[in-house]
Amino acid sequence: MNKYLLSKKIVVNELSTFYSFVIGLTIGIGIGSIILLAQGQNPVDVFSLMLRLSIGSVKSISSSLNKATPLILAGLGISIINSVKLWNIGAEGQIFMGGIALNFIYISTEVTNPNFSILLLLLASFVGGAVCILFPAISKVLFGVNEIITTLLFNYIVIGLTVYLVNGPWKDPNSLNFPAAAYVGKEVYLPTVFGRLSYGFIICFLCTLGVHYLKEKSVFGYELRISGGSALTAIYAGINAKQKAFVAMLIGGGLAGLAGGVELLSQTHRVSTGLSQGFGYTAIIVAAITGMRPFGIFLVGSLFGALTIGGSVIQTMGVSSYIADVIQATTLFGALIAQFFFTYKITKVTEDV
Amino acid sequence: MNNNILEAKNITKSFGNTHALKNVNFYLHKSKIHGLLGENGAGKSSLMNILSGIYQPENGSIYIDGIKVKKLNPDLAAKLGIGMVHQEFRLINNFTIKDNLTLSKSNIYTDDFNEAFKKYSDIFSLSAGSETLINQLSVGEKQKIEIMKLIFNNNKIMLLDEPTAVLTPQETNQLRISLKKLSEEDDKTIVLITHKLKEIQEFTESIFVLKDGVMVAEDLETKKVTKNDLITLMMGEVSQSEIRKDNQKGKDKLEVENIFFENIHSNVPTLENISLKVQAGEILGIAGVSGNGQVELANIISGIEREYKGKVIINGKNISNQGVKARKNLNLSYIPENRLGVGLAPGVSIIDNSAVKDYFKSRLGPHLSSNKMLDYLNILIKQFSIKAPDPKAEVSTLSGGNMQKLLMGRELISNPEVIIAAQPTRGLDINAVQSLHDLIVKQRDNGAAVMLISEDLDELFKLSDRIIVLYEGKIVKEFIIDEANIEGVGLAMAGLSE
Amino acid sequence: MFDIQLMGLFNATLQAATLLFIAALGELITEKSGILNLGVEGMISVGAVTGFITAVNTGNIFISVLVGVFSAALFSSLHAFVTVVLKQDQTVSGLILTILGLSLSALMGKQYVGKKLPVKIESLVTIKEPTNIIEVLLSQNYIFFLSIILMISTAYMLKKTMFGRRLEAVGEDSRAADSMGLNVNKTQFIATCVGGGFSGLAGVYLTLSYVPYWTDNMTSGRGWIALALVIFGGWKPYRTAVGALLFGFLEALVPRLQTYGFELSPYLVKVTPYAITILILVVLTIYKGGRTGAPSNIGIPFFRESR
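Protein chains in written order, with numbering that gives the first Met the number 0: chain A, 0 to 352; chain B, 0 to 497; chain C, 0 to 306.
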């Protein structure tokens with residue numbers, strides 16, 4: 000009779016997260032195909048249409064990358080916070096808060112210099128996101144309150160605030176079908192390149208570089224790593240782990256807020272309940288599945304942007320757009336399962352005769 | 000007929016690339032007390048974990064009462080009557096004694112718990128009631144509960160892993176008496192796993208010796224073996240070097256005055272009126288059973304703990320109100336007893352851990368130069384003979400000895416003025432212990448003031464110039480090394496000196 | 000007149016509380032074994048949609064409830080597999096399953112949006128407008144009474160039975176429990192699936208009684224409140240029930256505020272349960288000084304060979 004032993008691998012392949020993701024993607028597409036078949040659709044037709052309309056032209060690639068931008072920015076924020084082993088489940092709310100803060104500054108100030116205004120508005124959105132995470136950050140750092148629950152519940156508070164604003168004080172009388180705030184002026188729209196690719200994506204790429212630098216090459220990132228490894232080691236080393244964690248959370252929240260600001264200035268151009276459709280949650284898993292690596296988040300996020308665009312497009316074929324969500328979730332789940340095989344090894348045990 | 004209650008043949012076990020056990024034979028006679036002797040790292044714990052079903056061997060077979068056992072897991076091992084008391088206790092801290100004794104599926108005292116508990120409380124001289132929570136017990140008491148667990152599970156074969164490591168000499172004697180009663184009156188077969196020769200000779204009737212994963216001696220009759228025989232078997236021909244105690248002492252480098260400390264979380268002792276001095280070129284040993292204030296004292300001196308009364312003075316500078324950075328600036332190094340968890344951060348790479356003390360030296364503004372960090376690590380590796388092939392690997396992939404070398408190297412490379420070392424050689428093999436002792440002595444000869452906190456009396460006697468005993472947060476006695484003996488220190492550790 | 004309104008409020012409170020409580024109780028059991036399941040929201044959704052679809056197609060309440068419970072339990076076995084067997088991160092797995100659960104249910108339920116239910120869950124006694132407490136209690140449906148039974152039996156199980164104490168032992172210290180011969184993996188796996196089943200029951204209650212129809216985003220964060228409730232209740236069934244009543248009360252109160260003459264924007268008022276949850280959580284954590292009663296081992300995967 001054979002026995003099997005489970006043991007942890009000592010050295011884990013650097014590329015394992017990448018391989019896991021590819022495996023997960025394969026599983027995701029597989030499950031998606033099964034669902035499509037069950038609905039009487041031809042998976043090949045559906046997927047080739049999705050591919051064509053999401054990355055088949057400059058226009059579509061631009062749409063996909065624009066879609067990916069808030070996902071990546073939120074994911075970057077989450078990856079910073081996770082350096083100290085904390086989770087930011089509140090990215091969704093922070094995205095909305097970023098939009099709200101931006102709009103607030105917009106209607107409170109005059110646009111004299113558009114470029115300056117854009118910068119100011121984006122900064123406002125960053126601050127908005129940071130403000131949104133402030134309470135969970137303080138309660139975690141000072142009192143040890145579970146940040147998973149507090150950041151999560153804040154999402155509902157902020158979304159509620161958004162609904163209140165777009166139905167109340169900020170209600171745009173011109174928007175009849177859909178409650179929303181008034182559009183911001185065209186002068187503060189983020190410019191585009193190649194006709195459609197927003198500057199927001201460039202901002203997102205720069206942030207990827209910045210977060211990578213912060214995490215890997217800066218003293219701050221080092222102190223975060225040590226604090227995340229063991230709070231006791233941090234104290235021993237003279238690092239004020241609580242202070243570092245607090246700052247990390249603010250930056251993370253700010254980046255999610257920035258995601259909201261960028262999305263507003265480049266896509267929706269106004270505050271509404273459609274500012275984010277769950278990016279904040281997807282971003283968490285995208286970040287986790289890439290091992291919290293900024294460049295990984297950038298790549299996977301871009302891919303997911305394409306998937307989402309593809310998913311919304313195939314509605315014309317009569318396929319529910321939820322299929323894209325299912326494929327995304329299954330991909331991530333498959334990657335999680337695949338990770339197991341890279342971190343653990345199974346050995347056979349032989350019995351003595 | 001074979002009188003052996005347990006037989007293990009040809010056991011082989013590896014962890015990753017390390018061979019813990021190679022073709023090991025081991026057997027036990029019914030109702031006798033056996034000893035498994037070997038230095039740290041020889042494979043004793045691995046063998047015992049296999050016998051109790053926690054680890055699976057890659058090769059080999061086990062027979063209980065002559066019958067071969069197919070697949071051993073803790074549940075089956077318990078059913079077959081094998082139980083083990085580990086070095087790190089496996090008691091549920093928030094649960095009561097009664098819970099810890101009765102939740103096991105093999106508990107035999109379900110209806111008559113109270114009688115059984117009374118009977119064995121008497122044998123072990125345990126005063127706590129069965130509804131006491133585990134986290135309210137002392138270390139020695141917890142061990143008694145661990146052994147009682149085995150009895151309550153009807154374990155006829157009891158494996159005890161380094162049981163005396165956490166006991167005072169007096170408690171050790173009590174344990175010897177209890178175990179004798181258990182083997183003679185209760186028919187228990189007992190195995191004492193240890194690296195301490197004294198206990199093996201005093202407790203056991205039969206000795207097995209493990210060296211580097213190989214069983215070099217089987218079933219020796221304790222009465223007929225000498226100490227030197229055992230040392231040779233355990234360690235080969237290596238003889239322990241004596242430390243020269245003709246070191247020159249200089250001015251006071253570390254002064255601690257009237258420290259009072261109260262810890263708000265209960266069960267942790269306070270410190271009362273602690274005053275001491277350590278001179279340059281001197282090693283001051285702090286003796287005491289774990290949990291009597293050593294960690295707190297070390298944390299106060301090193302600047303980790305800030306809420307206390309009293310003075311800490313280094314090289315004449317009063318830094319009582321300042322924190323860790325002030326100590327670093329005055330070149331104080333602290334080697335904490337919690338190697339992985341405090342000194343080194345788990346889950347963090349080797350290179351990151353190597354920079355914990357001096358990462359400021361690799362910085363250029365907000366930027367941390369990874370090249371400088373790598374150079375620094377390589378210096379440490381070379382100077383302290385650390386085996387660390389991949390700097391990016393997680394630090395816990397290093398062996399215990401290499402982790403400690405990394406930790407100590409990192410702290411000692413700057414030739415500190417004051418060194419606080421807590422349990423520096425705990426759990427390490429003889430070669431690692433030797434090299435670490437040499438390191439400490441070298442620093443002493445360089446003029447450092449060393450405070451050595453250790454539960455290992457042999458180590459303290461070997462290295463110290465003076466020994467201070469801590470008991471319940473107070474200094475109860477001070478010895479100059481020439482006037483000290485084990486009994487005297489042992490009594491002080493138990494709070495029983497005049 | 001006032002009586003009926005007050006009783007109406009009480010009635011709505013009980014119903015909202017039942018829903019929250021069942022999900023929270025299930026998660027309590029899961030967490031007691033040491034597994035954190037953030038996927039509750041997704042599991043409620045799965046139970047809700049499968050129960051609804053079965054009810055529309057078969058007209059049989061009993062089977063619908065069974066299908067809902069079983070589907071959610073099956074769905075949660077994915078979480079159990081990934082966290083207990085494969086030892087992957089519990090937070091990530093739970094979140095993925097929330098998204099997967101929500102999107103799968105949306106996908107499955109798309110054709111059933113707006114469909115009418117042929118049946119409803121029966122009440123003990125049908126009283127249109129109860130005028131006193133007894134009448135309110137009697138007019139609750141069977142699932143309400145089931146939840147009371149579940150509450151009492153769970154509390155009893157945890158404190159008084161060997162099974163329950165062993166479950167707690169696994170969640171407190173899995174290594175110690177393992178060395179006692181307890182099967183950690185099996186305990187955690189089963190506890191997760193049972194917790195999922197409870198979420199499924201809550202979901203069924205949602206679509207077959209509380210609402211009762213199917214639309215997108217029906218669960219609207221109740222799963223997350225259930226998670227908060229577990230903490231609020233200190234992992235004790237009776238206290239969790241108290242918490243559920245409190246939140247049920249808030250949820251019932253919000254749409255009624257205007258009738259009591261409060262001129263607050265309904266949107267802002269809707270936010271109060273979440274805000275109050277956070278405040279209570281913070282106060283509780285501070286008051287308890289960090290010792291919230293959480294199983295000490297929660298979130299840490301059990302691995303026997305770890306040295």
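FYI, nobody ran anything at the bench for these hints, they're computed from the structure.
All of these numbers come straight from a predicted model, not from anything done at the bench.
Honestly, I wouldn't trust all of these hints.
[Claimed, not checked] Here are the simulated lysine to aspartate or glutamate pairs, EDC-like style, with alpha carbons at most 16 Å apart:
no. : chain 1 : residue 1 : chain 2 : residue 2
1   : B       : 31        : B       : 261
2   : B       : 476       : B       : 161
3   : C       : 185       : B       : 74
4   : C       : 158       : B       : 98
5   : A       : 84        : C       : 2
6   : A       : 344       : B       : 130
7   : A       : 8         : B       : 393
8   : B       : 391       : A       : 215
9   : C       : 159       : B       : 98
10  : B       : 195       : B       : 161
11  : B       : 473       : B       : 271
12  : A       : 8         : B       : 389
13  : C       : 158       : B       : 130
14  : B       : 371       : A       : 215
[As the list claims (entries may be wrong)] Coverage of chain B stretches by chain C, computed from C-beta distances (three or more under 8 Å per stretch; other residues unrestricted):
no. : region
15  : 181 to 187
16  : 297 to 304
Even for Gly, the Cβ is constructed at its ideal location relative to N, Cα and C.
Structure-based check of each hint:
| no. | hint | verdict |
| --- | --- | --- |
| 1 | B:31 - B:261 | violated (47 Å) |
| 2 | B:476 - B:161 | violated (27 Å) |
| 3 | C:185 - B:74 | holds (13 Å) |
| 4 | C:158 - B:98 | holds (11 Å) |
| 5 | A:84 - C:2 | violated (52 Å) |
| 6 | A:344 - B:130 | violated (43 Å) |
| 7 | A:8 - B:393 | holds (11 Å) |
| 8 | B:391 - A:215 | holds (12 Å) |
| 9 | C:159 - B:98 | holds (12 Å) |
| 10 | B:195 - B:161 | holds (9 Å) |
| 11 | B:473 - B:271 | holds (5 Å) |
| 12 | A:8 - B:389 | holds (14 Å) |
| 13 | C:158 - B:130 | holds (15 Å) |
| 14 | B:371 - A:215 | holds (14 Å) |
| 15 | 181 to 187 | violated (count 0) |
| 16 | 297 to 304 | violated (count 0) |
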